[in-house]
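K.L.:
Sequence:
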Amino acid sequence: MKTDIQIAQEAKLLKISEIASRLNITEDYYDTYGKYKAKLNLSLLDELANKEDGKLVLVTAITPTPAGEGKSTVTVGLTQALNKIGISSVAALREPSLGPVFGMKGGATGGGYSQVIPMEDINLHFTGDFHAIGVAHNLVSACIDNHITQGNSLGIDNTKITWKRVVDMNDRNLRNIVIGLGGKANGYPRQDSFQITVASEIMATLCLSNSLKELKENIGKIVFGYDYNDKPLTINDLKISGAVTALLKEAIKPNLVQTLENTPVIIHGGPFANIAHGCNSLLATKLALKLSDVAVTEAGFAADLGAEKFLDIKCRKGGLNPNCVVIVATVRALKHHGGAKILNEENLDALKLGLANLDKHIENMKKFNLPVVVAINKFVTDTDAEISLIKSHCESLDAPVALCEVWAKGGEGGEELAKLVLEKLEENNTKYKPLYNLDLPIKDKISKICTEIYGANGVTFSGAANKTIKQLEELGYGSLPICMSKTQKSISDKANLLGRPNNFTVEIDTIKLAAGAGFIIAMAGGIIDMPGLPKVPAAELIDIDEHGVITGLF
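Take the sequence shown: its letter number 343 is residue 343 in this note's numbering, and every next letter is one higher.
Just so you know, the hints here were simulated from the structure itself, not pulled from any lab data.
Treat the hints with care, since some could be wrong.
Here are the simulated SDA-like pairs of lysine to any residue, each with C-alpha atoms no more than 20 angstroms apart in a straight line [stated by the list, open to error]: (1) K470 - D439; (2) K378 - N344; (3) K467 - I161.
The whole structure should be built from the sequences, with the hints applied where relevant.
P.N.:
The structure is reproduced here in C-alpha coordinates:
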(Lines of atoms letter the chains of each structure in order from A; the text may use other names.)
(Lines give C-alpha, C1' and ligand atoms only; values in the text may rest on other atoms or scores of the structure.)
Protein backbone atom coordinates (compact mmCIF):
# COMPACT_ATOMS: atom_id res chain seq x y z
CA MET A 1 0.00 0.00 0.00
CA LYS A 2 1.35 3.43 -0.94
CA THR A 3 2.25 5.89 1.80
CA ASP A 4 0.67 9.33 1.97
CA ILE A 5 3.82 10.99 0.70
CA GLN A 6 4.09 8.55 -2.23
CA ILE A 7 0.50 9.36 -3.24
CA ALA A 8 1.19 13.08 -2.92
CA GLN A 9 4.40 12.91 -4.95
CA GLU A 10 2.64 11.06 -7.78
CA ALA A 11 -0.15 13.65 -7.99
CA LYS A 12 -0.51 16.01 -10.92
CA LEU A 13 -0.39 19.52 -9.54
CA LEU A 14 -1.85 22.46 -11.41
CA LYS A 15 0.01 25.73 -11.36
CA ILE A 16 -1.36 27.90 -8.58
CA SER A 17 -2.32 30.54 -11.15
CA GLU A 18 -4.82 28.04 -12.58
CA ILE A 19 -6.28 27.32 -9.13
CA ALA A 20 -6.63 31.06 -8.57
CA SER A 21 -8.25 31.47 -11.98
CA ARG A 22 -10.88 28.84 -11.10
CA LEU A 23 -11.84 31.09 -8.20
CA ASN A 24 -11.89 34.16 -10.48
CA ILE A 25 -8.92 35.65 -8.62
CA THR A 26 -6.79 37.79 -10.92
CA GLU A 27 -3.02 38.08 -10.54
CA ASP A 28 -3.45 41.51 -8.91
CA TYR A 29 -4.70 39.76 -5.79
CA TYR A 30 -2.04 37.12 -5.16
CA ASP A 31 1.72 36.65 -5.03
CA THR A 32 3.16 33.29 -6.07
CA TYR A 33 5.63 31.34 -3.92
CA GLY A 34 7.05 29.05 -6.59
CA LYS A 35 4.70 27.23 -8.98
CA TYR A 36 2.23 25.71 -6.54
CA LYS A 37 1.76 28.11 -3.64
CA ALA A 38 0.48 31.66 -3.40
CA LYS A 39 -0.33 34.30 -0.83
CA LEU A 40 -3.66 36.05 -1.17
CA ASN A 41 -3.62 39.81 -0.76
CA LEU A 42 -5.96 41.17 1.91
CA SER A 43 -7.37 43.64 -0.63
CA LEU A 44 -9.20 40.64 -2.13
CA LEU A 45 -11.62 40.74 0.82
CA ASP A 46 -12.38 44.38 0.06
CA GLU A 47 -12.96 43.52 -3.59
CA LEU A 48 -15.42 40.77 -2.57
CA ALA A 49 -17.12 42.75 0.19
CA ASN A 50 -20.48 42.93 -1.59
CA LYS A 51 -20.49 39.24 -2.55
CA GLU A 52 -22.78 37.07 -0.44
CA ASP A 53 -21.05 34.62 1.88
CA GLY A 54 -21.34 30.90 1.26
CA LYS A 55 -22.41 28.41 3.91
CA LEU A 56 -19.95 27.49 6.66
CA VAL A 57 -19.38 23.86 7.69
CA LEU A 58 -17.22 22.99 10.70
CA VAL A 59 -15.51 19.58 10.83
CA THR A 60 -14.64 18.31 14.30
CA ALA A 61 -14.21 14.87 15.89
CA ILE A 62 -14.63 12.57 18.83
CA THR A 63 -11.91 12.51 21.49
CA PRO A 64 -8.60 11.57 19.84
CA THR A 65 -6.97 8.20 20.48
CA PRO A 66 -3.76 6.51 19.26
CA ALA A 67 -6.01 4.70 16.73
CA GLY A 68 -6.56 7.94 14.81
CA GLU A 69 -9.71 9.77 13.69
CA GLY A 70 -8.77 11.51 10.41
CA LYS A 71 -10.42 14.90 10.89
CA SER A 72 -8.20 16.69 8.37
CA THR A 73 -8.59 13.81 5.91
CA VAL A 74 -12.39 14.08 6.12
CA THR A 75 -12.25 17.89 5.81
CA VAL A 76 -10.25 17.62 2.59
CA GLY A 77 -12.36 14.71 1.33
CA LEU A 78 -15.61 16.56 1.98
CA THR A 79 -14.56 19.62 0.00
CA GLN A 80 -13.36 17.34 -2.84
CA ALA A 81 -16.70 15.54 -2.77
CA LEU A 82 -18.71 18.77 -2.82
CA ASN A 83 -16.78 19.98 -5.86
CA LYS A 84 -17.23 16.57 -7.49
CA ILE A 85 -21.03 16.84 -7.27
CA GLY A 86 -21.02 20.36 -8.65
CA ILE A 87 -20.95 22.50 -5.49
CA SER A 88 -18.26 25.17 -5.32
CA SER A 89 -16.31 24.49 -2.12
CA VAL A 90 -13.09 25.80 -0.59
CA ALA A 91 -11.45 24.24 2.46
CA ALA A 92 -9.85 26.43 5.14
CA LEU A 93 -7.24 24.65 7.25
CA ARG A 94 -4.47 25.31 9.75
CA GLU A 95 -0.77 25.13 8.92
CA PRO A 96 1.15 22.20 10.46
CA SER A 97 3.63 22.86 13.27
CA LEU A 98 7.15 21.48 12.89
CA GLY A 99 7.00 20.17 16.46
CA PRO A 100 4.43 17.43 15.76
CA VAL A 101 5.79 16.85 12.23
CA PHE A 102 9.13 15.74 13.73
CA GLY A 103 7.55 14.47 16.95
CA MET A 104 4.70 12.00 17.26
CA LYS A 105 2.11 12.88 14.63
CA GLY A 106 4.19 13.26 11.50
CA GLY A 107 2.66 15.19 8.60
CA ALA A 108 -0.65 17.01 8.88
CA THR A 109 -2.11 17.56 5.43
CA GLY A 110 -4.72 14.81 5.37
CA GLY A 111 -4.11 11.27 4.20
CA GLY A 112 -4.48 8.76 1.38
CA TYR A 113 -6.38 10.29 -1.53
CA SER A 114 -7.65 13.21 0.54
CA GLN A 115 -4.57 15.35 0.92
CA VAL A 116 -3.46 18.93 0.43
CA ILE A 117 -0.42 19.40 -1.78
CA PRO A 118 2.48 20.12 -2.12
CA MET A 119 2.51 18.16 1.15
CA GLU A 120 6.29 18.36 1.75
CA ASP A 121 6.30 22.16 1.48
CA ILE A 122 3.20 22.59 3.65
CA ASN A 123 4.53 20.26 6.37
CA LEU A 124 7.96 21.86 6.46
CA HIS A 125 8.67 25.59 5.97
CA PHE A 126 5.71 26.36 3.66
CA THR A 127 5.71 30.14 3.03
CA GLY A 128 7.55 31.06 6.23
CA ASP A 129 4.55 32.16 8.32
CA PHE A 130 5.57 30.32 11.48
CA HIS A 131 9.13 31.59 11.25
CA ALA A 132 7.85 35.16 10.99
CA ILE A 133 5.57 34.64 13.98
CA GLY A 134 8.41 33.14 16.01
CA VAL A 135 10.79 35.99 15.19
CA ALA A 136 8.10 38.60 15.96
CA HIS A 137 7.45 36.92 19.32
CA ASN A 138 11.14 36.72 20.19
CA LEU A 139 11.66 40.38 19.23
CA VAL A 140 9.33 41.19 22.12
CA SER A 141 11.37 38.92 24.41
CA ALA A 142 14.63 40.58 23.40
CA CYS A 143 13.21 44.08 23.88
CA ILE A 144 11.84 43.25 27.36
CA ASP A 145 15.25 42.13 28.64
CA ASN A 146 17.05 44.94 26.83
CA HIS A 147 14.73 47.51 28.40
CA ILE A 148 15.57 46.23 31.89
CA THR A 149 19.29 46.14 31.11
CA GLN A 150 19.20 49.70 29.75
CA GLY A 151 17.76 51.23 32.93
CA ASN A 152 14.19 49.88 33.19
CA SER A 153 12.28 53.15 32.96
CA LEU A 154 9.00 51.18 32.90
CA GLY A 155 9.78 49.58 36.23
CA ILE A 156 9.34 46.06 34.88
CA ASP A 157 9.27 43.56 37.74
CA ASN A 158 11.40 40.72 36.40
CA THR A 159 9.62 38.28 38.72
CA LYS A 160 6.30 39.12 37.01
CA ILE A 161 7.24 38.81 33.33
CA THR A 162 4.60 36.55 31.78
CA TRP A 163 6.06 36.57 28.26
CA LYS A 164 7.97 33.42 27.27
CA ARG A 165 10.26 32.81 24.33
CA VAL A 166 9.18 30.47 21.50
CA VAL A 167 10.54 27.87 19.09
CA ASP A 168 8.50 25.72 16.69
CA MET A 169 9.92 22.43 17.92
CA ASN A 170 9.14 19.93 20.68
CA ASP A 171 11.97 20.54 23.16
CA ARG A 172 11.16 19.74 26.79
CA ASN A 173 14.58 20.96 27.96
CA LEU A 174 13.51 24.52 27.23
CA ARG A 175 10.48 24.46 29.53
CA ASN A 176 12.46 25.98 32.40
CA ILE A 177 15.75 27.76 31.80
CA VAL A 178 18.00 30.48 33.22
CA ILE A 179 19.12 33.31 30.94
CA GLY A 180 21.58 36.17 31.24
CA LEU A 181 24.50 34.22 32.70
CA GLY A 182 28.10 35.25 32.08
CA GLY A 183 28.33 38.67 33.70
CA LYS A 184 26.90 42.15 33.26
CA ALA A 185 27.77 42.38 29.57
CA ASN A 186 25.35 39.54 28.88
CA GLY A 187 22.32 41.06 30.55
CA TYR A 188 20.98 39.99 33.93
CA PRO A 189 20.21 36.49 35.17
CA ARG A 190 16.58 35.46 35.52
CA GLN A 191 14.45 32.36 35.16
CA ASP A 192 12.69 32.06 31.81
CA SER A 193 11.01 29.43 29.64
CA PHE A 194 10.05 28.56 26.09
CA GLN A 195 6.70 27.56 24.64
CA ILE A 196 6.07 26.10 21.19
CA THR A 197 5.39 28.76 18.53
CA VAL A 198 1.82 27.60 17.99
CA ALA A 199 1.07 28.52 21.62
CA SER A 200 2.35 32.08 21.10
CA GLU A 201 -0.06 34.93 21.69
CA ILE A 202 1.32 36.46 18.48
CA MET A 203 -0.02 33.39 16.64
CA ALA A 204 -3.45 33.69 18.27
CA THR A 205 -3.55 37.45 17.71
CA LEU A 206 -2.74 37.11 14.02
CA CYS A 207 -5.38 34.41 13.58
CA LEU A 208 -8.07 36.54 15.27
CA SER A 209 -7.33 39.83 13.47
CA ASN A 210 -9.37 41.02 10.49
CA SER A 211 -6.75 43.32 8.93
CA LEU A 212 -3.16 44.49 9.21
CA LYS A 213 -4.36 47.62 11.00
CA GLU A 214 -6.29 45.57 13.54
CA LEU A 215 -3.33 43.21 13.97
CA LYS A 216 -1.09 46.16 14.89
CA GLU A 217 -3.69 47.46 17.37
CA ASN A 218 -4.11 44.03 18.95
CA ILE A 219 -0.36 43.43 19.22
CA GLY A 220 -0.06 46.74 21.05
CA LYS A 221 -2.59 45.49 23.65
CA ILE A 222 -0.59 42.36 24.52
CA VAL A 223 0.38 42.33 28.20
CA PHE A 224 3.92 40.96 28.67
CA GLY A 225 4.24 41.48 32.42
CA TYR A 226 3.70 43.84 35.34
CA ASP A 227 5.59 46.68 37.01
CA TYR A 228 6.51 46.94 40.68
CA ASN A 229 3.03 48.31 41.43
CA ASP A 230 1.26 45.42 39.63
CA LYS A 231 0.27 47.63 36.70
CA PRO A 232 0.04 45.62 33.45
CA LEU A 233 2.63 46.52 30.83
CA THR A 234 1.94 46.18 27.10
CA ILE A 235 3.89 45.96 23.88
CA ASN A 236 2.74 49.53 23.22
CA ASP A 237 4.66 50.52 26.37
CA LEU A 238 7.81 49.07 24.78
CA LYS A 239 7.12 51.18 21.64
CA ILE A 240 7.68 48.23 19.30
CA SER A 241 4.15 47.46 18.04
CA GLY A 242 5.07 48.73 14.57
CA ALA A 243 8.27 46.68 14.39
CA VAL A 244 6.54 43.49 15.53
CA THR A 245 3.74 43.99 13.00
CA ALA A 246 6.24 44.76 10.22
CA LEU A 247 7.67 41.26 10.65
CA LEU A 248 4.15 39.89 10.01
CA LYS A 249 3.43 41.88 6.84
CA GLU A 250 3.49 38.74 4.67
CA ALA A 251 2.53 36.21 7.35
CA ILE A 252 -0.92 37.78 7.74
CA LYS A 253 -1.75 36.91 4.11
CA PRO A 254 -3.57 33.54 3.76
CA ASN A 255 -1.96 30.84 1.62
CA LEU A 256 -3.63 29.26 -1.43
CA VAL A 257 -2.84 25.64 -2.35
CA GLN A 258 -4.80 22.65 -3.74
CA THR A 259 -5.99 19.13 -2.98
CA LEU A 260 -5.02 15.98 -4.85
CA GLU A 261 -8.12 16.60 -7.01
CA ASN A 262 -7.00 20.19 -7.68
CA THR A 263 -9.74 21.80 -5.61
CA PRO A 264 -8.71 25.01 -3.81
CA VAL A 265 -7.58 25.11 -0.18
CA ILE A 266 -6.68 28.11 1.96
CA ILE A 267 -4.21 27.29 4.73
CA HIS A 268 -3.30 29.90 7.33
CA GLY A 269 -2.28 30.01 10.98
CA GLY A 270 -1.97 27.09 13.32
CA PRO A 271 -2.65 27.52 17.06
CA PHE A 272 -2.91 24.23 18.97
CA ALA A 273 -6.33 23.44 20.42
CA ASN A 274 -5.11 21.88 23.67
CA ILE A 275 -3.06 24.96 24.63
CA ALA A 276 -4.47 27.70 22.38
CA HIS A 277 -7.73 28.25 20.46
CA GLY A 278 -7.07 25.72 17.70
CA CYS A 279 -8.49 27.39 14.56
CA ASN A 280 -7.15 28.70 11.28
CA SER A 281 -7.26 32.45 10.76
CA LEU A 282 -10.40 34.54 10.50
CA LEU A 283 -9.05 35.91 7.22
CA ALA A 284 -8.71 32.42 5.72
CA THR A 285 -12.22 31.42 6.71
CA LYS A 286 -13.74 34.70 5.51
CA LEU A 287 -12.00 34.36 2.14
CA ALA A 288 -13.24 30.77 1.79
CA LEU A 289 -16.79 32.02 2.47
CA LYS A 290 -16.50 34.71 -0.19
CA LEU A 291 -14.87 32.45 -2.78
CA SER A 292 -17.24 29.46 -2.62
CA ASP A 293 -20.78 28.30 -1.99
CA VAL A 294 -19.70 26.03 0.88
CA ALA A 295 -16.63 26.74 3.00
CA VAL A 296 -15.39 23.70 4.93
CA THR A 297 -13.14 24.37 7.90
CA GLU A 298 -11.80 22.37 10.84
CA ALA A 299 -10.86 23.00 14.45
CA GLY A 300 -8.18 21.16 16.39
CA PHE A 301 -8.66 17.95 18.34
CA ALA A 302 -12.16 17.02 19.51
CA ALA A 303 -15.38 19.00 19.75
CA ASP A 304 -14.83 19.73 23.46
CA LEU A 305 -11.65 21.65 22.56
CA GLY A 306 -11.37 22.99 19.01
CA ALA A 307 -15.07 23.17 18.19
CA GLU A 308 -16.03 24.85 21.47
CA LYS A 309 -13.34 27.49 20.95
CA PHE A 310 -14.28 27.93 17.30
CA LEU A 311 -17.87 28.61 18.34
CA ASP A 312 -17.26 30.61 21.53
CA ILE A 313 -14.15 32.57 20.51
CA LYS A 314 -13.54 32.66 16.75
CA CYS A 315 -17.14 32.95 15.51
CA ARG A 316 -17.95 35.57 18.12
CA LYS A 317 -14.80 37.59 17.29
CA GLY A 318 -15.28 37.40 13.53
CA GLY A 319 -19.06 37.58 13.30
CA LEU A 320 -19.19 34.14 11.66
CA ASN A 321 -22.40 32.11 11.50
CA PRO A 322 -21.68 28.39 11.04
CA ASN A 323 -24.44 26.36 9.44
CA CYS A 324 -23.54 22.73 10.15
CA VAL A 325 -21.12 20.59 12.19
CA VAL A 326 -19.60 17.32 10.99
CA ILE A 327 -18.31 15.04 13.76
CA VAL A 328 -15.73 12.51 12.59
CA ALA A 329 -15.64 9.11 14.31
CA THR A 330 -13.90 5.83 13.62
CA VAL A 331 -14.79 2.30 14.67
CA ARG A 332 -11.27 1.84 16.03
CA ALA A 333 -11.32 4.98 18.18
CA LEU A 334 -14.77 4.23 19.58
CA LYS A 335 -13.66 0.71 20.53
CA HIS A 336 -10.65 2.24 22.27
CA HIS A 337 -13.00 4.47 24.28
CA GLY A 338 -14.96 1.35 25.13
CA GLY A 339 -11.90 -0.31 26.65
CA ALA A 340 -10.83 -2.57 23.79
CA LYS A 341 -7.13 -3.43 23.67
CA ILE A 342 -7.15 -5.08 20.24
CA LEU A 343 -8.67 -2.70 17.70
CA ASN A 344 -8.32 -4.71 14.50
CA GLU A 345 -10.86 -7.34 15.57
CA GLU A 346 -14.64 -7.02 15.73
CA ASN A 347 -15.78 -6.06 19.23
CA LEU A 348 -19.38 -4.91 19.38
CA ASP A 349 -19.46 -4.77 23.18
CA ALA A 350 -16.53 -2.33 23.36
CA LEU A 351 -18.00 -0.35 20.49
CA LYS A 352 -21.33 0.03 22.32
CA LEU A 353 -19.52 1.36 25.40
CA GLY A 354 -17.36 3.71 23.32
CA LEU A 355 -20.37 5.27 21.61
CA ALA A 356 -20.94 7.28 24.80
CA ASN A 357 -18.04 9.50 23.74
CA LEU A 358 -19.70 10.25 20.40
CA ASP A 359 -23.02 10.85 22.18
CA LYS A 360 -21.49 13.59 24.35
CA HIS A 361 -19.95 15.41 21.40
CA ILE A 362 -23.24 15.31 19.46
CA GLU A 363 -25.07 16.60 22.53
CA ASN A 364 -22.52 19.41 22.95
CA MET A 365 -22.71 20.64 19.37
CA LYS A 366 -26.50 20.78 19.56
CA LYS A 367 -26.13 23.13 22.55
CA PHE A 368 -24.88 25.71 20.05
CA ASN A 369 -28.14 25.35 18.12
CA LEU A 370 -26.41 23.68 15.17
CA PRO A 371 -27.37 20.64 13.08
CA VAL A 372 -24.95 17.71 13.31
CA VAL A 373 -23.85 15.10 10.77
CA VAL A 374 -21.67 12.15 11.78
CA ALA A 375 -18.95 10.90 9.42
CA ILE A 376 -17.67 7.34 9.97
CA ASN A 377 -14.11 7.50 8.65
CA LYS A 378 -13.69 3.93 7.37
CA PHE A 379 -10.66 1.72 8.05
CA VAL A 380 -10.08 -1.56 6.21
CA THR A 381 -10.48 -3.55 9.45
CA ASP A 382 -13.99 -2.21 10.14
CA THR A 383 -16.70 -4.87 9.88
CA ASP A 384 -20.19 -4.46 8.46
CA ALA A 385 -21.68 -5.22 11.87
CA GLU A 386 -19.64 -2.49 13.55
CA ILE A 387 -20.55 0.11 10.95
CA SER A 388 -24.20 -0.91 11.11
CA LEU A 389 -24.16 -0.52 14.91
CA ILE A 390 -22.84 3.06 14.69
CA LYS A 391 -25.33 3.98 11.98
CA SER A 392 -28.36 2.70 13.85
CA HIS A 393 -27.16 4.36 17.06
CA CYS A 394 -26.73 7.76 15.37
CA GLU A 395 -30.13 7.51 13.73
CA SER A 396 -31.68 6.91 17.16
CA LEU A 397 -30.14 10.24 18.24
CA ASP A 398 -31.52 12.07 15.18
CA ALA A 399 -27.98 12.54 13.91
CA PRO A 400 -27.65 11.77 10.19
CA VAL A 401 -24.65 9.54 9.54
CA ALA A 402 -22.57 8.74 6.46
CA LEU A 403 -19.87 6.20 5.76
CA CYS A 404 -16.83 8.15 4.60
CA GLU A 405 -14.20 6.45 2.42
CA VAL A 406 -12.24 9.52 1.34
CA TRP A 407 -8.86 8.10 2.45
CA ALA A 408 -9.16 5.29 -0.09
CA LYS A 409 -11.32 6.94 -2.77
CA GLY A 410 -10.85 10.71 -2.48
CA GLY A 411 -13.87 12.87 -3.27
CA GLU A 412 -15.85 9.91 -4.62
CA GLY A 413 -15.69 8.31 -1.18
CA GLY A 414 -17.21 11.40 0.44
CA GLU A 415 -20.24 11.92 -1.78
CA GLU A 416 -22.67 10.35 0.71
CA LEU A 417 -21.39 12.71 3.40
CA ALA A 418 -21.52 15.70 1.05
CA LYS A 419 -25.17 15.04 0.19
CA LEU A 420 -26.14 14.75 3.85
CA VAL A 421 -24.37 18.02 4.64
CA LEU A 422 -26.16 19.75 1.76
CA GLU A 423 -29.50 18.51 3.07
CA LYS A 424 -28.74 20.05 6.45
CA LEU A 425 -27.61 23.31 4.85
CA GLU A 426 -30.84 23.55 2.85
CA GLU A 427 -33.15 22.91 5.79
CA ASN A 428 -31.22 24.86 8.42
CA ASN A 429 -33.16 27.99 9.41
CA THR A 430 -31.61 28.28 12.87
CA LYS A 431 -28.79 30.55 13.93
CA TYR A 432 -25.97 29.38 16.11
CA LYS A 433 -25.68 30.75 19.63
CA PRO A 434 -22.59 30.77 21.85
CA LEU A 435 -22.55 28.68 25.02
CA TYR A 436 -22.21 31.59 27.44
CA ASN A 437 -22.65 35.35 27.69
CA LEU A 438 -19.48 37.41 27.88
CA ASP A 439 -20.76 39.52 30.75
CA LEU A 440 -20.72 36.52 33.12
CA PRO A 441 -17.93 36.55 35.74
CA ILE A 442 -14.77 34.69 34.68
CA LYS A 443 -15.38 31.79 37.07
CA ASP A 444 -18.95 31.35 35.85
CA LYS A 445 -17.82 31.15 32.22
CA ILE A 446 -15.18 28.55 33.08
CA SER A 447 -17.71 26.57 35.13
CA LYS A 448 -20.24 26.62 32.29
CA ILE A 449 -17.72 25.11 29.87
CA CYS A 450 -16.55 22.51 32.38
CA THR A 451 -20.00 21.38 33.52
CA GLU A 452 -21.92 21.60 30.24
CA ILE A 453 -19.26 20.63 27.68
CA TYR A 454 -17.02 18.32 29.74
CA GLY A 455 -19.76 17.00 32.04
CA ALA A 456 -17.88 17.85 35.24
CA ASN A 457 -19.57 18.00 38.62
CA GLY A 458 -17.80 21.28 39.32
CA VAL A 459 -14.58 23.27 39.16
CA THR A 460 -11.86 24.04 41.70
CA PHE A 461 -9.39 26.91 41.38
CA SER A 462 -5.87 27.04 42.78
CA GLY A 463 -4.90 29.93 45.02
CA ALA A 464 -2.85 31.46 42.22
CA ALA A 465 -5.76 31.11 39.77
CA ASN A 466 -8.14 32.80 42.21
CA LYS A 467 -5.70 35.67 42.69
CA THR A 468 -5.25 36.18 38.93
CA ILE A 469 -9.01 36.08 38.27
CA LYS A 470 -9.60 38.77 40.89
CA GLN A 471 -6.81 40.90 39.41
CA LEU A 472 -8.06 40.53 35.81
CA GLU A 473 -11.61 41.47 36.74
CA GLU A 474 -10.34 44.53 38.62
CA LEU A 475 -8.29 45.54 35.56
CA GLY A 476 -11.36 45.35 33.29
CA TYR A 477 -10.61 42.10 31.44
CA GLY A 478 -13.52 40.14 32.92
CA SER A 479 -15.71 40.27 29.80
CA LEU A 480 -13.28 38.32 27.58
CA PRO A 481 -14.15 34.78 26.40
CA ILE A 482 -12.38 31.75 27.88
CA CYS A 483 -9.76 29.64 26.10
CA MET A 484 -9.50 26.34 27.96
CA SER A 485 -6.15 24.56 27.94
CA LYS A 486 -6.39 20.89 28.90
CA THR A 487 -5.55 17.41 27.73
CA GLN A 488 -6.90 16.38 24.34
CA LYS A 489 -7.00 12.71 25.40
CA SER A 490 -10.21 12.97 27.40
CA ILE A 491 -13.35 15.09 27.51
CA SER A 492 -12.33 15.71 31.13
CA ASP A 493 -9.06 17.26 32.34
CA LYS A 494 -7.70 13.80 33.25
CA ALA A 495 -6.03 12.04 30.32
CA ASN A 496 -6.85 8.53 31.57
CA LEU A 497 -10.64 9.04 31.66
CA LEU A 498 -11.90 7.63 28.36
CA GLY A 499 -15.40 7.43 26.92
CA ARG A 500 -17.84 9.82 28.58
CA PRO A 501 -16.34 10.60 32.02
CA ASN A 502 -18.56 11.42 34.97
CA ASN A 503 -18.18 12.22 38.67
CA PHE A 504 -15.06 14.33 38.21
CA THR A 505 -14.03 17.87 39.08
CA VAL A 506 -11.97 20.09 36.77
CA GLU A 507 -8.94 21.58 38.50
CA ILE A 508 -7.87 24.99 37.18
CA ASP A 509 -4.16 25.44 37.93
CA THR A 510 -3.32 28.67 36.14
CA ILE A 511 -5.07 31.67 34.61
CA LYS A 512 -3.33 33.71 31.91
CA LEU A 513 -4.31 36.86 30.05
CA ALA A 514 -4.09 37.03 26.26
CA ALA A 515 -5.24 40.64 25.84
CA GLY A 516 -4.04 40.92 22.24
CA ALA A 517 -5.80 37.76 21.13
CA GLY A 518 -8.79 38.81 23.20
CA PHE A 519 -9.30 35.89 25.56
CA ILE A 520 -8.42 34.53 29.00
CA ILE A 521 -6.58 31.20 29.17
CA ALA A 522 -7.64 28.73 31.87
CA MET A 523 -5.11 25.90 32.23
CA ALA A 524 -6.30 22.62 33.74
CA GLY A 525 -4.79 19.25 34.58
CA GLY A 526 -1.17 20.38 34.52
CA ILE A 527 -1.22 21.09 30.78
CA ILE A 528 2.10 22.29 29.35
CA ASP A 529 2.75 24.62 26.41
CA MET A 530 6.04 23.04 25.30
CA PRO A 531 5.64 19.38 24.22
CA GLY A 532 8.49 16.89 24.30
CA LEU A 533 9.61 14.32 21.76
CA PRO A 534 8.62 10.64 22.11
CA LYS A 535 11.20 7.87 22.51
CA VAL A 536 11.20 7.31 18.74
CA PRO A 537 10.40 10.69 17.13
CA ALA A 538 9.00 10.91 13.62
CA ALA A 539 12.24 12.70 12.72
CA GLU A 540 13.97 9.30 12.65
CA LEU A 541 11.71 8.21 9.79
CA ILE A 542 12.15 11.29 7.59
CA ASP A 543 14.88 11.29 4.93
CA ILE A 544 15.89 13.02 1.70
CA ASP A 545 17.86 11.65 -1.28
CA GLU A 546 20.40 13.30 -3.56
CA HIS A 547 17.60 14.47 -5.86
CA GLY A 548 15.78 16.28 -3.05
CA VAL A 549 12.99 13.69 -2.79
CA ILE A 550 11.69 13.50 0.79
CA THR A 551 10.41 10.28 2.35
CA GLY A 552 8.91 9.43 5.73
CA LEU A 553 6.41 12.29 6.08
CA PHE A 554 3.75 9.55 6.44
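K.L.:
Compare the structure with each hint and give your call.
P.N.:
Hints, verified against the model:
{"no.": "1", "hint": "K470 - D439", "in the structure": "holds, 15 angstroms"}
{"no.": "2", "hint": "K378 - N344", "in the structure": "holds, 12 angstroms"}
{"no.": "3", "hint": "K467 - I161", "in the structure": "holds, 16 angstroms"}
Of the hints listed earlier, there is not a single one the structure fails to meet.
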